[in-house]
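Trainee: These are the residues of each chain, in order.
2 protein chains.
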Amino acid sequence: MNGRAQAPIAVVLLSGGLDSMVCAALAREQGFGVLTLTIDYNQRHRVELEAARRIAEELQAVRHLILPLDLTGFGGSALTAAIDVPKGGVEEGIPVTYVPARNTIFLSLALGCAEAAGARDMFIGVNALDYSGYPDCRPAFVEQFERLANLATKAGVEGDAFRIHAPLLHMTKAQIAREAERLGLDAGISWSCYDPAPGALHCGLCDACRLRSKGFEEAGLSDPTRYASR
Amino acid sequence: MNGRAQAPIAVVLLSGGLDSMVCAALAREQGFGVLTLTIDYNQRHRVELEAARRIAEELQAVRHLILPLDLTGFGGSALTAAIDVPKGGVEEGIPVTYVPARNTIFLSLALGCAEAAGARDMFIGVNALDYSGYPDCRPAFVEQFERLANLATKAGVEGDAFRIHAPLLHMTKAQIAREAERLGLDAGISWSCYDPAPGALHCGLCDACRLRSKGFEEAGLSDPTRYASR
Numbered sequence: 096m097n098g099r100a101q102a103p104i105a106v107v108l109l110s111g112g113l114d115s116m117v118c119a120a121l122a123r124e125q126g127f128g129v130l131t132l133t134i135d136y137n138q139r140h141r142v143e144l145e146a147a148r149r150i151a152e153e154l155q156a157v158r159h160l161i162l163p164l165d166l167t168g169f170g171g172s173a174l175t176a177a178i179d180v181p182k183g184g185v186e187e188g189i190p191v192t193y194v195p196a197r198n199t200i201f202l203s204l205a206l207g208c209a210e211a212a213g214a215r216d217m218f219i220g221v222n223a224l225d226y227s228g229y230p231d232c233r234p235a236f237v238e239q240f241e242r243l244a245n246l247a248t249k250a251g252v253e254g255d256a257f258r259i260h261a262p263l264l265h266m267t268k269a270q271i272a273r274e275a276e277r278l279g280l281d282a283g284i285s286w287s288c289y290d291p292a293p294g295a296l297h298c299g300l301c302d303a304c305r306l307r308s309k310g311f312e313e314a315g316l317s318d319p320t321r322y323a324s325r
Numbered sequence: 096m097n098g099r100a101q102a103p104i105a106v107v108l109l110s111g112g113l114d115s116m117v118c119a120a121l122a123r124e125q126g127f128g129v130l131t132l133t134i135d136y137n138q139r140h141r142v143e144l145e146a147a148r149r150i151a152e153e154l155q156a157v158r159h160l161i162l163p164l165d166l167t168g169f170g171g172s173a174l175t176a177a178i179d180v181p182k183g184g185v186e187e188g189i190p191v192t193y194v195p196a197r198n199t200i201f202l203s204l205a206l207g208c209a210e211a212a213g214a215r216d217m218f219i220g221v222n223a224l225d226y227s228g229y230p231d232c233r234p235a236f237v238e239q240f241e242r243l244a245n246l247a248t249k250a251g252v253e254g255d256a257f258r259i260h261a262p263l264l265h266m267t268k269a270q271i272a273r274e275a276e277r278l279g280l281d282a283g284i285s286w287s288c289y290d291p292a293p294g295a296l297h298c299g300l301c302d303a304c305r306l307r308s309k310g311f312e313e314a315g316l317s318d319p320t321r322y323a324s325r
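First to last, the sequence lines map onto chains E and V.
Under this note's numbering, think of the first position of the first sequence as 96, with each following residue one higher.
Under this note's numbering, think of the first position of the second sequence as 96, with each following residue one higher.
In case anyone wonders, no lab produced these hints; they're calculated from the structure.
Worth double-checking, as some hints may not be accurate.
Note: identical chains are not told apart, hence a pair may lie in one copy or across any two.
[Unchecked claim] Distance condition first, Cα-Cα at most 25 Å in a straight line; then the derived SDA-like pairs of lysine to any residue: (1) Lys249 <-> Glu145; (2) Lys249 <-> Gly279; (3) Lys249 <-> Ala223; (4) Lys309 <-> Leu164; (5) Lys249 <-> Gly315; (6) Lys309 <-> Arg258; (7) Lys182 <-> Ala269; (8) Lys182 <-> Asp255; (9) Lys249 <-> Glu238; (10) Lys182 <-> Leu280; (11) Lys309 <-> Asn137; (12) Lys309 <-> Arg233.
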């Protein structure tokens, strides 16, 4: 016994984007050992998976789990099907890049992973301010999922409650960029673009690129991202 | 135009067991075209998958989708890990065959599948009477999931609500066996056993076999199942 308590584990959904990187680093800052869970859902932007691996390494994750889940059979989204990713700018309403029930599916998997690992904390980097208009990024969704988690599981039913942390929920992209800076993260290793250009460049035109770039600009920080168009 | 309206589609979670077979047949009886969704989660009892395929065929499913999802990396259940399936009889409490968050994960996938397919109805064969004590088989869980579905999705947010149907929720196993009979189903093609014996026999001793056998017995029906031990 060396007197050092083992850090509690938190399962962090890590896509490889800037938001989930900052979210994972905040989990670590709060004293959790992070178990990073990356879902390989056959997304168009597969370079994300390599970004997730590098981020997990940088953050000394206790475990990095990549779960293959092929959602292409469902169809219905520009991120998994043969539909063009829009490049004209962030519009009102729910965009075609919406993946049906994605965050519900991902949080369910995080919940299964957490319960099996004996963890009670889950982190998800959703953000309801500078976001793409996805319904499963809103505070009400996150709260409802936490209630479900505690009805759905052995641990929850036995009174050992699960907590869903969404520390970026009320941050702007500029605040997220500043958090990355404050936490000493290399934002350049994260990946946001939905439709990578040749040479593993961010396209610069999809919603995710526009929001990312705007974040660094409004924060007054230099943007380490290499964009194909800007 | 031949005047025949196209049947609305319902996504039915089909494990290949007796309960999900009856559930799918009830969806058909209610006038739905059934899209059967089977999750291949690397379960020990893989003969279930073949049963699901046969059931989908018998019920003339409009589509049968098998989604591979390898949960063995999570560990924590006798159904996916190297833990013995108990054979001593159905006990109080939540058993080791519980798969962490299984029905939450499965309903999330059904929700994504339904939204992508333009379906608003989902069927799940959970049952809160003669069941194994899993928390995610209770009415409160099903209701909570429906609330979540309508916060989590584009369709739900736009007021085009999803409905979760759990028609077996308040049935005993005997009632389910009688429903199979009434619906003209061949219960012999369904698969319940958690730990198949050589020759694709039901073991006869695990919780699922005991509940199945008890159902036919209490219904006064002959049990078409071939058990290794009885």
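Trainee: I'd like to know which numbered hints this structure contradicts. Please list them from smallest to largest.
Mentor: 1, 2, 4, 5, 6, 8, 10 and 11
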